[in-house]
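Trainee: Start from the sequences, fold in the hints, and give me the full structure.
Number 193 in my numbering belongs to position 190 of the sequence shown; there are no gaps in the numbering.
It is possible that part of the hints are untrue.
Here are the simulated lysine to any residue pairs, SDA-like style, with alpha carbons at most 25 Å apart [stated by the list, open to error]:
1. Lys311 x Gly435
2. Lys271 x Met352
3. Lys320 x Val439
4. Lys271 x Phe255
5. Lys216 x Thr193
Read the hints as simulated data drawn from the structure, not as lab findings.
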Amino acid sequence: MKKKKISQAGVVALVAAAAAFAIAQTLFLWNLHRAFAAVEASGLPCPTFAGIPLGAYGGGAIALLLLLCFVSYAVWRKKDRITADKSEEMDNFERISRELFDRLDSGIVVLDRDYRVVVFNSAAERILDLKPGFLRKGTVWSDLVNPVLVPVAERLADSLDRGVAFSREFRVFLPQGVRCVKVDLATFETPRSGIIYPMYLTDNTREDEIKQKLVQQLEETHRHAVAKDNFFANMSHEIRTPINAILGMTYFAKNHASDPKAIEFIQKIENASDILLGIVNDILDFSKMKEHKFSLNPETFNLYGMKKILADLFIDKAARKGLEFTIDFACPEDFYVFADQFRLTQIFMNLVSNAIKFTDTGLVHVSANVETLSEEVILRCAVRDTGCGLDEDELSRLFTDFEQFGKVLVKNQEGTGLGLAIAKRLVELMHGVIWVDSTPGKGSIFHFVVVLKRSGATSPVTSDNTLPRVELKTRRVLVVEDNEINAEIAGNLLAESGCTVEFAQDGVEAVELCKTRSPDYFDLVLMDIHMPRMNGYEAARIIKRDLGVICPILAVTATSDNAEELESNRDVIANYLLKPYNPGVFKTIFGMADR
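Mentor: Here is the structure:
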């Protein structure tokens, strides 16, 4: 239970009551004494205390009065000490509060209903860039505007007139530099002073400078990323274009050559071009993986068909080195899965190429087996060779970027050191793992396990990633290509398929040509993407939407990562055709592959 405090008025009332009680008691006893004395004088029996003196009757009351006065004085003095202590405590609290108020980084100015200053701190003078001592109680708010609050003066005045809150962060140009200030105006109703307007001022100059630097860095990073993307795209286009010319011309030269020595020279040129193309592909793939811009493009395909693909790719290459090349696929002949066939083939190609490269005698064996788990397929593969093998130090650095292994590599073998690093990333994208067992001088076994999706298909499924089948009606094809050699190669390949070819050097020329032809004049349009004056996408949109050309348009590009562009241009582009041209691609498009 809390003790009740006695106020000064209570003490006075208590003393007055005690005095009144003492006086009343004394008067009562004096009258009683007189009555007993009269009785005693008349000779009647009287109580024995009748003869007690009058002072004896009032002594107790007086003593009580004195005691009460002493107690009252003691209480009064204690109350004075408590009041003095509280007053000192309040003074200390006010002094500390004022000191803390002045030490705030944010400025505070409180205006009364007449818009005059009633309270402020030193930070307000600093933020408002006012001279020391200028800001004082009674200063009109309009004197605070110049120079810092000029940009928001009208809005502040309007908010004060309407009695509404206001908040704004702004920049102001001062002789000493640019300042960023935030102003918050509030309104409060008080019992004594009525409405008041607290104004909070925050100097955000440092934070604003940091923010501006971060924005500049982000913009610079974005520009750098865009420039890098453009560089790789241009490099892919510029490098693949001459490679396409070399491969295309060697194909035609080999078909028309009769001298065995000339055919041998042409074959060597073709082999060197294939190696160069592989290096370019590795560099571009690796750069996209490092930038986390690499993704898989799954489709339904027959897993057992990988056996034929690997045989076609490597049997002749292994035979030229005198190696035995065998493949064992332990899965049904019609086993369809949903995965990225191109990237799965790339993993095999990187591992088998290395195995053949570092094996001089013996064999290279590829094995694969599958395990079906509900909707998923676990594919376990191994590539075994009898080559030079790897020691412990080489094994520890095997899948490192740009790391080349094999002691004979420096002198006798080519390579970028990216093949295994790319294979490792591709395996990981397929939710798998890759590792190697190796013995120096005896050979190596590269293992990898990937997770694929099971497909219920029993035959190849046509997807958006497959090339369209074009029905030959007019046998006329329009080739839009700014590079003369590439245009000539495409024209010759189409001529082998029995087509008549017309050419346009860029998008503008293609649009003008289509204006002079009927919408069903061409069976197919091959549209290069990177061209001067008008790129392939713009030309395709005009040809399809404005001119109403009904034949499919294939975009010809040097990079295979066009999924986003394809989706955004799906209404005008049927699909992509990758450079360099495959001689059999047009037979596939025209449905002549099996003829």
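Trainee: Does each hint fit the structure? Answer for all of them.
Mentor: The hints, checked one at a time:
A hinted pair counts as satisfied when its Cα atoms are at most 25 Å apart, and Lys311 with Gly435 qualifies at roughly 24 Å. Note on Lys271 and Met352: the hinted pairing holds, with a Cα-Cα distance of about 20 Å set against a maximum of 25 Å. Taking the CA atoms of Lys320 and Val439, the gap is about 23 Å. The hint holds against a cut of 25 Å. For the proposed pair Lys271 and Phe255, the alpha carbon gap of about 14 Å is at most 25 Å, so the pair holds.
Restraint check for Lys216 and Thr193: the C-alpha separation of about 44 Å exceeds 25 Å, so the hint is violated.
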